[in-house]
Amino acid sequence: MTSSRENDKEKLRSVSVDLNNDSSLLIDIPDALCERDKVKFTVHTKTTLSSFQKPDFSVSRQHEDFIWLHDTLVETEDYAGLIIPPAPPKPDFESPREKMHKLGDGEATMTKEEYTKMKQELEAEYLAVFKKTVQVHEVFLQRLSSHPVFSKDRNFQIFLEYDQDLSVRRKNAKEMFGGFFKNMVKTADEVIISGIKEVDDFFEQEKTFLLDYYSKIKDSTAKAEKMTRSHKNVADDYIHVSATLNSMCAEDNTALKVHLEKFADLLEKLRKVEGRVASDQELKLTELLRYYMRDIQAAKDLLYRRARALANYENSNKALDKARLKSKDIAQAEEHQQQCLQKFDKLSESCKKELTSFKGRRVVAFRKNLIEMAELEIKHAKNSVSLLQGCIDMLNSN
Amino acid sequence: MATSSERTPPPFPETEDMDVDTEIEDLESNESEYTLEDGIGPETDANNVPDDIFSGSPTGNVSNPIMDSVIKSDTDAINELDEQPFDTAPKEEPNEAPDNNSFWTPLGTDVSKPEDGGKNPLMDPGESDMCTPDQSSAEDFLSESVAKPLAEWELETDSDPTNELTREAENDLIGEPVSDCEDIPVVDISHESVSVVSEPLFKEPLSEVTEPPVCDDDVSELLSEPVSVVSEPLFKEPLSDVTEPPVCDDDFSELLSEPVSDCEDIPVVDVISHESVSVVSEPLFKEPLSDVTEPPVCDDFSELLSEPVSVVSEPLFKEPLSDVTEPPVCDDDFSELLSEPASDCKDIPVVDVIHESVSVDSVIKSDTDAINELDEQPIDTAPKEEPNKAPDNNSFWTPLSTDVTEPPVCDDFSELLSEPVSVVSEPLFKEPLSDVTEPPVCDDDFSELLSEPASKQHKALFSDPPDDIFSEMLNCKDKQQSSVFSAASVDMLCLEAENAPITGPLSDDTKHPPSECVMRPTSPAANPDSSSDSRPRDEEEEQDIFAEATVELSLDSPAIARKRVEPSRLLTPASSTSASSNISKQQPKMLEELEEEDKFELNVSVTNPEKVGEGMNAYMAYRVSTQTTLPMFKRKAFEVRRRFSDFLGMYEKLSEKLSQNGYIVPPPPEKSFLGMTKMKVGKEDPSSVEFVEKRRAALERFLQKVLCHPTLLQDPDVREFLEREELPRAVNTQTFSGAGFLKIINRATEAVSKMTIKMNESDVWFEEKLQEVEGEDQQLRKLHAMVDSLVNHRKDLSAHTAMFAKSIGMLGSSEDNTALSRALCQLAEVEDKIEQLHQEQAGNDFFIFAELLADYIRLLGAVRGCFDQRMKMWQRWQEAQNMLQKKREVEAKLLWANKPEKLQLAKDEITEWEAKVTQYERDFERISATVRKEVIRFEKEKAKDFKKQTLKYLQVLVNSQQQLIKYWEAFLPEAKAIA
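Residue numbers (the working numbering), protein chains in the order written: chain F, 48 to 445; chain Z, 21 to 999.
Derived from the structure by calculation, the hints contain no laboratory data. Among the hints, erroneous ones may be present.
Using 20 Å as the maximum straight-line C-alpha spacing, the simulated SDA-like pairs for lysine to any residue come out as follows [what the hints assert, rightly or not]: (1) Z:Lys960 x F:Cys296; (2) Z:Lys964 x F:Ala297; (3) Z:Lys691 x Z:Lys656; (4) F:Lys347 x F:Gln385; (5) Z:Lys960 x F:Val305; (6) F:Lys406 x Z:Ala997; (7) F:Lys309 x Z:Lys962; (8) F:Lys309 x Z:Ile868; (9) F:Lys93 x F:Ser198.
My request is simple: use the sequences and hints to build the entire structure.
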């Protein structure tokens with residue numbers, strides 16, 4: 048497991064983000080290399096844009112590089128009015144690794160066959176996690192590339208093109224703390240500025256909606272995760288049952304042997320189907336919810352930035368009033384006030400645009416995923432039925 | 021003869037013997053008369069023969085005893101022959117009892133002691149029959165004889181015989197004695213009046229017969245053996261009837277049916293041939309009779325009958341005896357022994373009959389006695405059967421006579437047999453006269469032939485029942501046979517008007533206060549007697565005998581079951597003749613048919629759990645409703661209310677009776693203190709409801725499993741449980757009662773002893789099976805744990821799906837896009853339904869799959885219990901062998917030391933232990949056969965169950981997946997409608 052290559056061209060775009068098919072900049076991650084904790088993604092770019100030196104190139108990037116890219120985008124003042132695509136989550140191979148350890152511990156209590164199957168199952172799970180990780184990173188880049196503004200971002204282009212190690216510094220402790228502190232301030236700030244009267248109904252509405260929606264979707268995501276996990280457990284139980292049945296058959300010499308063998312075979316097949324159901328649910332439903340949870344967080348951040356701008360404008364208004372009262376530095380204050388207003392207006396405008404497009408994007412994504420999920424569910428259920436029916440017929444004919 | 025009779029006492033100079041003699045004096049006086057009459061040349065021959073037989077024993081004593089025995093045997097011969105059965109029967113019981121002597125004693129007693137023991141017993145019957153005057157005395161005798169029983173008898177007999185017999189016997193238990201017997205009898209026959217010879221032969225056979233019974237744990241063995249033994253037939257029959265009917269395994273029914281047919285055919289032929297020979301035929305008949313009787317006994321139900329019948333037929337034709345005997349032998353050990361003895365017996369009897377009829381008064385007397393005996397025999401036999409177990413030696417002897425008579429009875433089916441019997445009776449009995457003939461007739465009820473010679477009255481009484489029984493049995497062939505039997509028996513008993521279900525059939529029980537299930541069966545034989553007016557006197561005596569006998573029988577009853585099983589198997593293989601082979605082939609088919617039919621005939625369901633009472637005394641009552649077409653039930657449908665402890669109580673009763681015989685009694689669901697407490701507290705929460713449902717289902721399955729078992733179905737306790745309105749409160753089922761603790765302690769000690777027992781398994785099958793069972797137990801436990809976790813995970817899934825459905829519903833309500841909002845709400849609904857589906861599936865996982873496994877884990881426990889029981893039997897046998905070894909060493913030392921007084925004692929002990937060893941060995945073999953059969957049956961049932969349940973489970977899975985498809989298909993358009 049130390050190194051595993053993922054080379055699947057036909058990746059399921061589980062999180063469909065409705066990328067506009069702008070062929071001027073196409074990005075994918077065809078390959079990824081996992082070394083211990085580090086995952087190296089091969090980012091492949093195909094472009095017609097003149098800003099790139101070559102039309103086709105690949106670089107190797109780590110997760111930290113993605114984070115760096117995201118942070119630079121967030122910190123770029125110009126992008127304050129945009130929904131910054133959520134940074135991909137840190138690759139998490141802990142859970143399959145842990146399971147692998149547990150499996151190793153429990154090896155004695157299992158038959159060899161059972162162990163092999165469980166190991167296969169875990170490897171498959173690990174691979175799935177791996178793929179998912181690659182995918183979220185890819186989606187992040189694709190969202191940037193499909194965005195008219197972000198695709199022109201200098202940092203983004205460097206990220207794609209620079210063929211050396213970006214050698215992004217890992218955040219040191221101070222920065223980590225700083226980030227944490229910033230978050231605190233932001234939260235406190237959100238509370239403070241929440242008192243500011245909203246001037247635009249649209250944003251007022253959007254704000255309440257996003258807040259509400261965020262909490263709901265967060266809950267749903269957690270529940271969906273639990274559901275898919277228990278579904279996986281059920282599928283795993285089929286393995287054990289089937290394996291135990293098989294070992295029973297090995298010792299049984301009666302007529303029952305054949306019967307039980309068939310039954311065990313069926314369970315083995317069923318668990319594959321059941322496992323598919325679980326992983327498809329995970330991919331189509333849980334991942335969708337999770338992604339939009341993060342996306343909504345990004346939208347919320349956008350709203351915060353706008354609200355901050357609004358607060359700044361309010362403050363500048365007050366400052367202007369004070370200046371006028373004192374008849375001092377009026378011009379400066381006026382200028383500042385104008386700047387703030389301008390900034391706020393600009394922010395509001397782009398924010399409105401972003402939010403609207405976000406809404407459309409979300410609905411489309413939900414639609415697509417729900418349809419796909421329903422279809423997959425039907426497919427799997429039909430598969431099970433035919434397996435079961437076949438087995439019943441076979442057993443009956445015996 | 022008088023001299024001979026006088027001689028007899030001398031041989032038994034020993035104190036014990038003396039006592040007996042004194043006691044017997046009265047009898048002897050009577051006997052002396054007979055003896056005089058009987059006095060025939062054969063005695064000398066007989067003496068010689070016995071010597072030869074016992075040749076091993078150099079002691080003069082031996083010869084004397086033999087002589088005596090022979091002499092007496094002549095007089096007694098009749099008596100003995102007639103009585104022999106009695107003796108054997110009693111011995112059988114003794115055998116069962118700790119008395120080892122009984123085994124040998126039978127031989128010894130038969131040969132040597134016939135005088136003492138034989139006399140008494142013989143005398144009794146003879147007296148009662150012959151000399152009405154002595155009735156009172158006879159009764160006394162009987163009572164005394166019974167009371168003193170076997171022990172005295174045995175001891176005395178043993179002492180003499182032991183010397184002779186023991187040596188021979190010592191080496192080979194049954195086999196040698198038999199051989200000896202054979203030799204002697206043959207010689208005797210050739211020489212002179214067969215009567216003498218016959219006696220020895222019979223004696224031996226009897227002894228053998230008796231032994232087998234002894235060996236057989238209880239009833240079962242006795243029955244089977246007796247059956248095998250010619251003389252015992254009467255006993256056997258009654259016993260078999262009694263025991264077997266209840267026991268009646270389905271298998272038997274089939275066997276019976278087939279065998280019967282075979283038997284009939286053969287017998288007919290034989291009879292014809294025999295008839296021509298008349299004299300010869302008689303002996304044959306006697307033998308056949310014995311055989312016949314045996315069959316009936318064994319089988320009431322099927323296997324025994326079938327086998328015996330076949331045997332009988334064979335014997336008649338070929339060498340009836342050997343064949344016949346062998347079949348009876350069915351029990352492995354017995355078979356050889358029996359076969360030999362049987363052959364001997366046959367030869368002898370035939371010869372004897374001829375001779376007797378022709379020659380001596382004694383013969384006549386014997387005939388008269390025989391008649392008496394025969395007449396009495398039936399009566400006696402019935403009683404004797406019980407008595408057999410009981411100490412009554414008399415009863416034993418009577419059996420011989422009874423044998424003759426019995427055969428007819430046995431043969432209800434075979435007219436041929438009956439005819440032969442009649443023929444025989446005529447020639448033999450001619451002089452003996454009507455009396456003799458009559459008795460046989462009585463027995464033969466069925467047999468028209470018999471009826472002719474015999475008193476028609478008897479016929480009337482008996483004839484009906486036997487015919488019915490047979491016809492029914494044949495027709496039914498079903499497992500129901502038992503029921504049929506019972507019914508038949510009931511009919512027969514009608515006079516007595518007993519309602520007793522299966523066991524009940526035996527009229528005897530009804531008559532006699534001590535009506536136990538086991539007892540009852542035996543009674544049938546008695547009934548005929550009772551029915552016959554001519555035997556009122558006997559009846560009285562019989563009653564006493566019966567009473568005692570019954571008690572003993574009851575104890576033995578469990579054993580009967582085993583025997584049945586074994587005989588069936590053994591018999592089939594044993595029967596070498598074509599007929600037998602046919603039977604054996606047919607048997608399996610029949611069995612299968614029977615089993616199949618069985619399924620339809622009984623449906624039981626446990627429904628409507630209802631809480632009765634309040635607080636800590638509250639309990640759940642379940643409605644147990646039964647629908648059946650089985651004739652053994654009075655109604656077609658009925659229902660009763662039972663509580664959990666009633667189920668436990670029934671199980672306890674069953675397991676007490678049957679587990680130790682190697683039967684697999686399905687265990688009930690475990691107690692659940694927590695569940696009960698919850699229920700009592702009255703919380704109507706889901707877990708409590710689930711608990712009750714779980715238990716209800718488990719109880720239903722438990723009951724169905726019990727009823728599925730042919731042997732258990734026949735158990736009166738089961739039927740009582742199903743039918744009786746009010747059941748006495750089951751005691752000792754409470755966890756915290758004293759009995760509960762006792763059980764725990766017992767279990768612990770058993771576990772410890774189990775660990776200490778090291779058994780070197782002689783039978784690879786058992787070794788493999790036990791390993792298989794243990795491996796399977798482990799696998800099942802593991803599988804159960806897996807399925808359990810599947811159930812739990814599925815429950816989790818269901819719960820999580822419910823939560824997700826709720827959550828996604830909330831999300832949908834927050835969604836500002838109407839189409840998406842709608843779709844999300846739809847998704848919530850779909851998930852809700854899926855949650856239901858998962859929940860149902862979890863329930864199905866549990867009830868169809870997990871509970872099946874749990875049931876079989878418990879059942880495997882019961883199976884292992886069977887193996888443990890078998891091991892215990894083996895251990896007992898081994899210990900007895902060790903003991904015997906020690907005793908022999910002691911004897912050798914005493915011989916060396918030249919201490920004659922102690923030597924006798926040591927010999928007695930050796931005889932005793934030899935008997936025990938034989939008995940235990942047979943016990944062990946019987947339980948081995950039962951366990952084997954039960955395990956095979958269990959495996960068959962298991963395969964059936966698993967197939968059924970897995971199919972059901974798969975079907976349920978299909979249904980749930982189809983539902984899933986429906987749900988998602990309904991959702992799909994909603995998802996597509998999102999704009």
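Going through the hints against the structure:
Restraint check: the Cα-Cα separation between Lys960 of chain Z and Cys296 of chain F comes to about 16 Å, which is no more than 20 Å; the hinted pair holds. Distance restraint check for Lys964 of chain Z and Ala297 of chain F: the Cα-Cα separation of roughly 19 Å lies within the 20 Å cut-off, and the hinted pair is therefore satisfied. Taking the CA atoms of Lys691 of chain Z and Lys656 of chain Z, the gap is about 32 Å. The hint is violated against a cut of 20 Å. Straight-line distance between C-alpha atoms of Lys347 of chain F and Gln385 of chain F comes to about 25 Å, which puts the hinted pair past the 20 Å bound.
Of the supplied pair hints, the one linking Lys960 of chain Z and Val305 of chain F holds, its CA atoms being roughly 14 Å apart against a limit of 20 Å. A threshold of 20 Å between alpha carbons decides the hint, and for Lys406 of chain F with Ala997 of chain Z the separation of about 17 Å falls inside it, so the pair holds. Pair hint Lys309 of chain F plus Lys962 of chain Z holds up; C-alpha atoms about 17 Å apart against a cutoff of 20 Å. The straight-line distance between the Cα atoms of Lys309 of chain F and Ile868 of chain Z is roughly 18 Å, inside the 20 Å bound, and the hint therefore holds.
The suggested pairing of Lys93 of chain F with Ser198 of chain F holds, with an alpha-carbon distance near 13 Å, which does not exceed 20 Å.
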